[in-house]
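Asks: Chains as they are written, first to last, in the numbering used here: chain A, 1 to 301; chain B, 302 to 602; chain C, 603 to 903; chain D, 904 to 1204.
Among the clues, some could well be false.
[To be verified] If the Cβ cut is set under 10 Å, some of the chain C residues that face chain D in the computed set are: (1) His656; (2) Asn658; (3) Asp660; (4) Glu685; (5) Leu686; (6) Asp693; (7) Pro711; (8) Glu721; (9) Asn746; (10) Thr747; (11) Gly748; (12) Val857; (13) Pro858; (14) Asn865; (15) Thr896.
[Unchecked claim] Between beta-carbon pairs, the in silico distance windows are: (16) C:Asn607 / D:Ser1180: 48 to 56 Å; (17) A:Asp98 / D:Glu1204: 51 to 59 Å; (18) C:Gly623 / D:Thr977: 39 to 47 Å; (19) B:Ser460 / D:Ser1180: 23 to 31 Å; (20) B:Ala552 / D:Ser1180: 44 to 52 Å; (21) B:Gly487 / C:Arg894: 25 to 33 Å; (22) C:Asp700 / B:Gln419: 45 to 53 Å; (23) A:Lys62 / B:Ser415: 24 to 32 Å; (24) C:Thr676 / B:Arg535: 30 to 38 Å; (25) A:Ala229 / D:Ala1132: 50 to 58 Å; (26) B:Ala583 / A:Ala229: 42 to 50 Å; (27) D:Lys1196 / C:Asn607: 53 to 61 Å; (28) A:Ser33 / C:Asp752: 56 to 64 Å; (29) C:Thr605 / B:Ala453: 18 to 26 Å.
Worth flagging that the hints you see were computed from the coordinates, not collected in a lab.
Backbone N, C-alpha and C fix where the C-beta goes; we use that ideal spot for every residue, glycine too.
There are 4 protein chains.
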Amino acid sequence: MRTVNLNGIFPPVTTPFTDRGDVDYDALASNISRYNESSLAGYVALGSNGEVVHLNTDERRKAIAIIKRAATSTHTIVGGVNELSTHAAIDEAKAAADCGADAALVITPYYYKSSMTQEAFTRHFNEVADRSPIPVLIYNVPANTGVVIDSATIAGLASHQNIIGVKDSSGNMAAISETISLSPAGFSVMAGNGGILYPALSMGATGAVLALACAAPRACCELYDAVKANDHSRARELQHRLAPLSHIVTAGLGVPGLKAAMNFLGLKGGVPRAPLSALGEADTQRVKAVIRKTGLFPEIE
Amino acid sequence: MRTVNLNGIFPPVTTPFTDRGDVDYDALASNISRYNESSLAGYVALGSNGEVVHLNTDERRKAIAIIKRAATSTHTIVGGVNELSTHAAIDEAKAAADCGADAALVITPYYYKSSMTQEAFTRHFNEVADRSPIPVLIYNVPANTGVVIDSATIAGLASHQNIIGVKDSSGNMAAISETISLSPAGFSVMAGNGGILYPALSMGATGAVLALACAAPRACCELYDAVKANDHSRARELQHRLAPLSHIVTAGLGVPGLKAAMNFLGLKGGVPRAPLSALGEADTQRVKAVIRKTGLFPEIE
Amino acid sequence: MRTVNLNGIFPPVTTPFTDRGDVDYDALASNISRYNESSLAGYVALGSNGEVVHLNTDERRKAIAIIKRAATSTHTIVGGVNELSTHAAIDEAKAAADCGADAALVITPYYYKSSMTQEAFTRHFNEVADRSPIPVLIYNVPANTGVVIDSATIAGLASHQNIIGVKDSSGNMAAISETISLSPAGFSVMAGNGGILYPALSMGATGAVLALACAAPRACCELYDAVKANDHSRARELQHRLAPLSHIVTAGLGVPGLKAAMNFLGLKGGVPRAPLSALGEADTQRVKAVIRKTGLFPEIE
Amino acid sequence: MRTVNLNGIFPPVTTPFTDRGDVDYDALASNISRYNESSLAGYVALGSNGEVVHLNTDERRKAIAIIKRAATSTHTIVGGVNELSTHAAIDEAKAAADCGADAALVITPYYYKSSMTQEAFTRHFNEVADRSPIPVLIYNVPANTGVVIDSATIAGLASHQNIIGVKDSSGNMAAISETISLSPAGFSVMAGNGGILYPALSMGATGAVLALACAAPRACCELYDAVKANDHSRARELQHRLAPLSHIVTAGLGVPGLKAAMNFLGLKGGVPRAPLSALGEADTQRVKAVIRKTGLFPEIE
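So that you can see chain A by itself, here it is in the shape it has in the complex (with noise of 0.2 Å):
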């Protein structure tokens, strides 16, 4: 069963919105076709980047079967899941699997804080797998939840069949070492997170769901091969080249910040759906600028 795809770079493509706030859903193929140029693994569809929260049930479904429509035969779509109840989230990751997902990216639930322990979590993603018609990822974004699911909960999840891997979102870079030696052989860990994808990748993570991805999916691809390759210097100077611009599309200036990068290198960033809001100039120059100093981009030269 476990036949994904999940080793290499996938964006969680985002979600353009034309200025009356309609998703444009040309915009959403004409990135995938742009991005279908680099060596991208595959497109993580609804992830926080996508602005799944922002979706309504229509939008949702749409958007999956457009990135499944413009991406390649080879490439591996992954549904986001952002629910609070298992019952929804099953829901969803059966609409996902509908809409062609290859596999779910579900998320640890996060609104009743206090109740969520880690035996809450593992009741949540054995039920949410064991109903799901697609295999399931599970995706610990603290950032964005409050709540963090451990190592050792994780990889006890790793034995259920239908759960293949985990997109990790926190930068803890030991937690994420911790999760690749607990779990076995054939489980997928992905970085998260840009500001460690090169440390990520040397310790053995199979693959990664960056935003940065989406603004630089070339450079991405390229580090994760200069790491296969064993050109750790390389892959190092990549890495130290994208980190600014890795932290500035996500901590630094979040969703907005993102959409500005991609709208500044020719892709349709489009603006975001409120409460976000269009970068204003100061920060908008600001990303332009670290897209200048990495120097990895010779198309805005």
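We have chain A; now place chains B, C and D onto it with these hints.
Replies: Showing chains B, C and D alone in chain A's frame:
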């Protein structure tokens, strides 16, 4: 426009589920009938304790309608709005109005935490208030959201004529006092935490929305009345008696603890939805012991 | 043994430094003389606001002695003990006693945070109390220490006959109430945070140790007296007036803010020691504006 | 001036105490003799693991001197400075120099957390470096201090010719990478956390100061050498083997855990000083099991 009565105690009504996991609307109506015997000022539907994040659209609509119907005409009905985008919050406020709510309790957006600046909150609440057909209460609940709206921001929003108050569940007594100081007369500051009910009322809070009031409505109302009657000695005594119960049904054991307390007290708590789970036997006994120790429930002696 | 009077308001006396950085003992004595004009219950030497962590052994000894001498015979003198090891805390408590302190305010150890379990606190305070020649007050100040001693732990320690109270600067009103509930009669729970002075007193706190009282001793005493006289309306009003000043001299601008406030009010605040630094002009003006706005200092009008 | 060798592995030497609680200087010297058999670059005296905060002035002086004498002439001796005021930090740096230290590891001040801005850190370290007779290393250890010095601040301080490096124990891999990127050539960034030793070295850290190295000096040096030899496969394997031991002697069980590990491995760990306490039997067995599982200590097989 600000004629909604928010003076007094409001339980954030829980949602009973059957063992099969369906909403038990009859049980919900039955609880309201019981609550009607106390001098509660009204009911909050679809709050955190109502497991709003575990309910689908239809269930949310119906829950408000049932509560509205079971309440008396003098009760204020507040509909909870737990949405992460501005547009969805507006839609839910409209739906709450359609179902009979007198006001909407709108949570601070909480997903993109690093982007949730005070400016973002200001934009969000002003936009929702502009378009909501019913007055808006701001809902600050850091334990669940991981974000905090400041007293100054709340006071600024109080100048919007469709924003009539705040429910502050932070437990931060100094901040709640500051909000009371900074906001204009007529703006309702409601305590959201039973552990500081008397202190908050003594500082000028106009009312309270308390998980505690779902289990102990009569005692909460008695405490409120004691403060109004300037009987601080009695208010303090009740506060000391009620605090351990308040703690165990919130930070201590959460919604499962509250439902267990209600079951013990002859109300229809039922069980929570996953990923929450019903208390085990040991925790259930702890809840019962805490209830007995209050000395405030002759019905269980 | 528990005959130390802790009922009332205590300023945690600041340590004035000359521009050259030496302790200005004359200024210290002068401040105490001024404070003696209010109805303060006593003085805390070597607290956080006294910059105990910036003083060497000789300076600490002398500061207590000067305060003792400048106070009247009815004032209770509390000596702060800010040590990270149990043996040093014992030594400092002895030294404080030798210098004339009536009680020792012993901070929770705070360096090895992950090892500072409630059991470790229990051992520490029991050992210190066993060997201290003067009664011990527990000092909980999470904003500085990053650790929290629980209400249950404090209540357990209250059975030691040489532990007579706690100064709780957490600002956690529910926890302070719980400590009051759980601890035996005669055990003093002292508020350590001006932002909740009235609420804490209304719940049964026996007194308070407040940075605010270094700047506004008379108003703090008036508030205390109002609560004792059951004049809750006056107490509430004073609380609302004083809270912004309390905030700016603690969480807002810290010790530098407090010293600026004292300087403005005719006390000898002086400047702090590095790494703290004196306020710049803009912040000094903010402090002055906050003081004026209280309407409680006719001397500056 | 920057000729102090910081390339390689440094154990932050523990301080053995006798059962009566006195420093056991013979045991200390004995440990250094054992350590001298590995290819360690030097020794850090008076770090967090050295329980510097539990030592009095004389003990601190003597500990440095003993370590200096027991080390070889090629070892770099770093003296820890754990002081809360700038003037005391300067005094301690001078004392460390007098006792033979080649450099001073100066902790970020951490008591008045809300005043510890990046500007305050900049002033503090510049003043200490101006007056210290030996070069200064910045010490960032948020788990103990609750404060964080930023990469940009560190990089700014790197322009002071008497500030030669940083020991970063945050475990924040992205921040450590950023510090490496931003700081000039010749500035030493030292990992302070065994859980990320290989990742940090692979990103360009020049060395490491690790509790882990007190228990497993040889294995840490082997990992360091593997990275230098570009043998990433071996480095990764050692990292995975060592990580659980690193965790249990730091975040897991702290200094008591480290001392238990040393005792088991034939070093003289002894017991910690209160408020720390020696491990109980169950935790001691856990430590032994973790050590055995590494497969890296033939001496205990």
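Asks: With reference to the structure, classify each hint as holding or not holding.
Replies: A quick look at each hint next to the structure:
no.: 1; hint: His656; verdict: holds (4 Å)
no.: 2; hint: Asn658; verdict: holds (7 Å)
no.: 3; hint: Asp660; verdict: violated (13 Å)
no.: 4; hint: Glu685; verdict: holds (9 Å)
no.: 5; hint: Leu686; verdict: holds (4 Å)
no.: 6; hint: Asp693; verdict: holds (9 Å)
no.: 7; hint: Pro711; verdict: holds (5 Å)
no.: 8; hint: Glu721; verdict: holds (9 Å)
no.: 9; hint: Asn746; verdict: holds (6 Å)
no.: 10; hint: Thr747; verdict: holds (8 Å)
no.: 11; hint: Gly748; verdict: holds (4 Å)
no.: 12; hint: Val857; verdict: holds (6 Å)
no.: 13; hint: Pro858; verdict: holds (7 Å)
no.: 14; hint: Asn865; verdict: violated (17 Å)
no.: 15; hint: Thr896; verdict: violated (22 Å)
no.: 16; hint: C:Asn607 / D:Ser1180: 48 to 56 Å; verdict: violated (35 Å)
no.: 17; hint: A:Asp98 / D:Glu1204: 51 to 59 Å; verdict: holds (56 Å)
no.: 18; hint: C:Gly623 / D:Thr977: 39 to 47 Å; verdict: holds (40 Å)
no.: 19; hint: B:Ser460 / D:Ser1180: 23 to 31 Å; verdict: violated (57 Å)
no.: 20; hint: B:Ala552 / D:Ser1180: 44 to 52 Å; verdict: violated (29 Å)
no.: 21; hint: B:Gly487 / C:Arg894: 25 to 33 Å; verdict: holds (27 Å)
no.: 22; hint: C:Asp700 / B:Gln419: 45 to 53 Å; verdict: holds (51 Å)
no.: 23; hint: A:Lys62 / B:Ser415: 24 to 32 Å; verdict: holds (28 Å)
no.: 24; hint: C:Thr676 / B:Arg535: 30 to 38 Å; verdict: holds (34 Å)
no.: 25; hint: A:Ala229 / D:Ala1132: 50 to 58 Å; verdict: violated (18 Å)
no.: 26; hint: B:Ala583 / A:Ala229: 42 to 50 Å; verdict: violated (56 Å)
no.: 27; hint: D:Lys1196 / C:Asn607: 53 to 61 Å; verdict: holds (59 Å)
no.: 28; hint: A:Ser33 / C:Asp752: 56 to 64 Å; verdict: holds (58 Å)
no.: 29; hint: C:Thr605 / B:Ala453: 18 to 26 Å; verdict: violated (45 Å)
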